[in-house]
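Residue numbers (our numbering), protein chains in the order written: chain A, 1 to 111; chain B, 1001 to 1114.
Don't read these hints as lab results, they were simulated from the structure.
These figures come from a predicted structure and were not determined experimentally.
Take these hints with a grain of salt, some might be off.
Label-pair restraints from in silico Cβ distances [to be verified]: (1) A:ASP27 - B:ILE1054: 15 to 25 angstroms; (2) A:ARG60 - B:GLY1016: 40 to 50 angstroms; (3) A:LEU46 - B:LYS1078: 21 to 31 angstroms; (4) B:THR1076 - A:THR110: 38 to 48 angstroms; (5) B:LYS1078 - A:GLU15: 39 to 49 angstroms; (6) B:LEU1084 - A:LYS2: 25 to 35 angstroms; (7) B:HIS1010 - A:ASN53: 37 to 47 angstroms; (8) A:ARG28 - B:THR1007: 31 to 41 angstroms; (9) A:ASN53 - B:GLU1001: 27 to 37 angstroms; (10) A:GLU57 - B:LYS1078: 37 to 47 angstroms; (11) B:GLU1068 - A:ALA17: 44 to 54 angstroms.
C-beta atoms are modelled at their ideal positions from N, C-alpha and C, and glycine is treated no differently.
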Amino acid sequence: QKEVEQNSGPLSVPEGAIASLNCTYSDRGSQSFFWYRQYSGKSPELIMFIYSNGDKEDGRFTAQLNKASQYVSLLIRDSQPSDSATYLCAVAAGTASKLTFGTGTRLQVTL
Amino acid sequence: EPEVTQTPSHQVTQMGQEVILRCVPISNHLYFYWYRQILGQKVEFLVSFYNNEISEKSEIFDDQFSVERPDGSNFTLKIRSTKLEDSAMYFCASSRDYTAHEQYFGPGTRLTVT
């Protein structure tokens, strides 16, 4: 069974701080890694994707991938109350393959 | 910005009835997917579809489920005889092609089976 593991949280960070969200995966053949944001009652919204080891930055978001450790992380800089949501890590074995999701980490950004 | 759309937003049906959930993927996308999320649980893959064929399906996608692309824009999920445990949010997603395979999700259809 190919698993994606995330700490369910909640992860509470003050406004303006850095939020660090982590994800591990079991399938060593995984090639594509995604972070989705899901507000309560809404659908997953793609915010970052990463395919190669290292860091990828987009605005306030940085995705980090370490395939040797089977570890993906998402950093959110200057956290805002509007960032409060559940962050889903998803992994795909190949291009155009199904996504396997983790259970998500609930992030709370406090004022 | 193009979006995946889904109808209806909420469907209530009685056990044993057939339902059809509809999706319009992003227009230049070639790969289509259905996922579901039972309340409080993780998002689960159901089926992927490419070139008018099922590419992959999960164990959840049994004979009660079918998918179809009836025309150039719609992509449908049919559940033939709904069960109580089919109650969930159903999400359609699409991705552009083999090289740009990021999946974009629609707003979902909440299916309630009574």
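Evaluated hints:
1. Our hint of 15 to 25 angstroms for ASP27 of chain A and ILE1054 of chain B holds, since their Cβ atoms are close to 22 angstroms apart.
2. One distance hint, 40 to 50 angstroms for the beta-carbon pair ARG60 of chain A and GLY1016 of chain B, holds here, with the actual separation near 49 angstroms.
3. Evaluation of the 21 to 31 angstroms hint for LEU46 of chain A and LYS1078 of chain B yields a pass: the beta carbon distance comes to about 27 angstroms.
4. About 43 angstroms separates the C-beta atoms of THR1076 of chain B and THR110 of chain A, a value consistent with the hinted range of 38 to 48 angstroms.
5. A hinted range of 39 to 49 angstroms for the beta carbons of LYS1078 of chain B and GLU15 of chain A is consistent with their spacing of about 46 angstroms.
6. Hint check: LEU1084 of chain B to LYS2 of chain A, Cβ distance near 28 angstroms, so the stated range 25 to 35 angstroms holds.
7. For the pair HIS1010 of chain B and ASN53 of chain A, the supplied restraint of 37 to 47 angstroms holds, since their beta-carbon distance comes to about 43 angstroms.
8. Hint check: ARG28 of chain A to THR1007 of chain B, Cβ distance near 40 angstroms, so the stated range 31 to 41 angstroms holds.
9. Restraint check, ASN53 of chain A to GLU1001 of chain B: a C-beta distance of roughly 30 angstroms satisfies the suggested window 27 to 37 angstroms.
10. In this structure, GLU57 of chain A and LYS1078 of chain B meet the distance hint of 37 to 47 angstroms, their C-beta atoms being roughly 42 angstroms apart.
11. Taking the beta carbon of each, GLU1068 of chain B and ALA17 of chain A are about 48 angstroms apart, inside 44 to 54 angstroms as hinted.
Violated hints: none; the structure is consistent with every hint.
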